[in-house]
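Construct the complete structure from the given sequences, taking the supplied hints into account.
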Amino acid sequence: AQKITQTQPGMFVQEKEAVTLDCTYDTSDQSYGLFWYKQPSSGEMIFLIYQGSYDEQNATEGRYSLNFQKARKSANLVISASQLGDSAMYFCAMRADNNDMRFGAGTRLTVKP
Amino acid sequence: GAGVSQSPRYKVAKRGQDVALRCDPISGHVSLFWYQQALGQGPEFLTYFQNEAQLDKSGLPSDRFFAERPEGSVSTLKIQRTQQEDSAVYLCASSLEFPSNQPQHFGDGTRLSIL
Chain A
1 AQKITQTQPG MFVQEKEAVT LDCTYDTSDQ SYGLFWYKQP SSGEMIFLIY QGSYDEQNAT
61 EGRYSLNFQK ARKSANLVIS ASQLGDSAMY FCAMRADNND MRFGAGTRLT VKP
Chain B
114 GAGVSQSPRY KVAKRGQDVA LRCDPISGHV SLFWYQQALG QGPEFLTYFQ NEAQLDKSGL
174 PSDRFFAERP EGSVSTLKIQ RTQQEDSAVY LCASSLEFPS NQPQHFGDGT RLSIL
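Protein sequence lines, in the order shown, are assigned to chains A and B.
Okay, so the first sequence: first residue is 1 according to this note's numbering, each after it adds one.
Okay, so the second sequence: first residue is 114 according to this note's numbering, each after it adds one.
Just so you know, the hints here were simulated from the structure itself, not pulled from any lab data.
Owing to the predicted nature of the structure, the values given are computational and were not obtained by experimental measurement.
One or more hints might be untrue.
In silico DMTMM-like pairs for lysine to aspartate or glutamate, Cα to Cα no more than 20 Å straight-line [to be verified]:
| no. | chain 1 | residue 1 | chain 2 | residue 2 |
| --- | --- | --- | --- | --- |
| 1 | B | Lys124 | A | Glu56 |
| 2 | B | Lys191 | B | Asp137 |
| 3 | A | Lys3 | B | Asp169 |
| 4 | A | Lys3 | B | Asp221 |
| 5 | B | Lys127 | B | Glu198 |
| 6 | A | Lys73 | A | Asp86 |
| 7 | A | Lys112 | A | Asp29 |
| 8 | B | Lys124 | B | Asp221 |
| 9 | A | Lys70 | A | Glu15 |
Right under this line is the structure:
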């Protein structure tokens, strides 16, 4: 069975600084996808970034990058140049080829002015 | 609209009543997922459809929960004889079928409160 672990219930970062949100996973599948979603207080789930298990390069999307370390089974999200609007819950998720998708418990990020 | 649509946005029911939650996925999306999200928690998988076929219902917490997608588009999640522990946000998501790098697109959810 798949398992996603986010060990940081809450994180604080100063505006304009970078922050890393941790995610580790456990799976016996060889092929899988890793996702990060943002959930603001309004409740919608916003897709941020994707990393495939066979991708050799770390994924990047604007200010978001994914630090993928396959041997350690970690997929940490790095947000550069934090903005006040980045304050939200962040969820790491993994999807196997059978389409089964599992989410971590989330990290609440607060950006301080 | 172009996104996943869920209705109602909010639902209040008395314990013991039956409720039905609707999800209208993005047109052309084969896969449809239901999640339950308790306050302060991550989404918990309930069930998954590929077209009209329910391929995985392992996350449904009890036989009071039932989901269907009879024509492979709109889906309904039904909860019978609701209990207070059923209070949560119910999220629906849809995606293209394969490959697994396709992100799920979520609706705004239905916030269910059982009194």
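Violating hint indices (sorted, rising):
As far as the earlier hints go, 1, 4, 6, 7 and 9 are violated by this structure, in ascending order.
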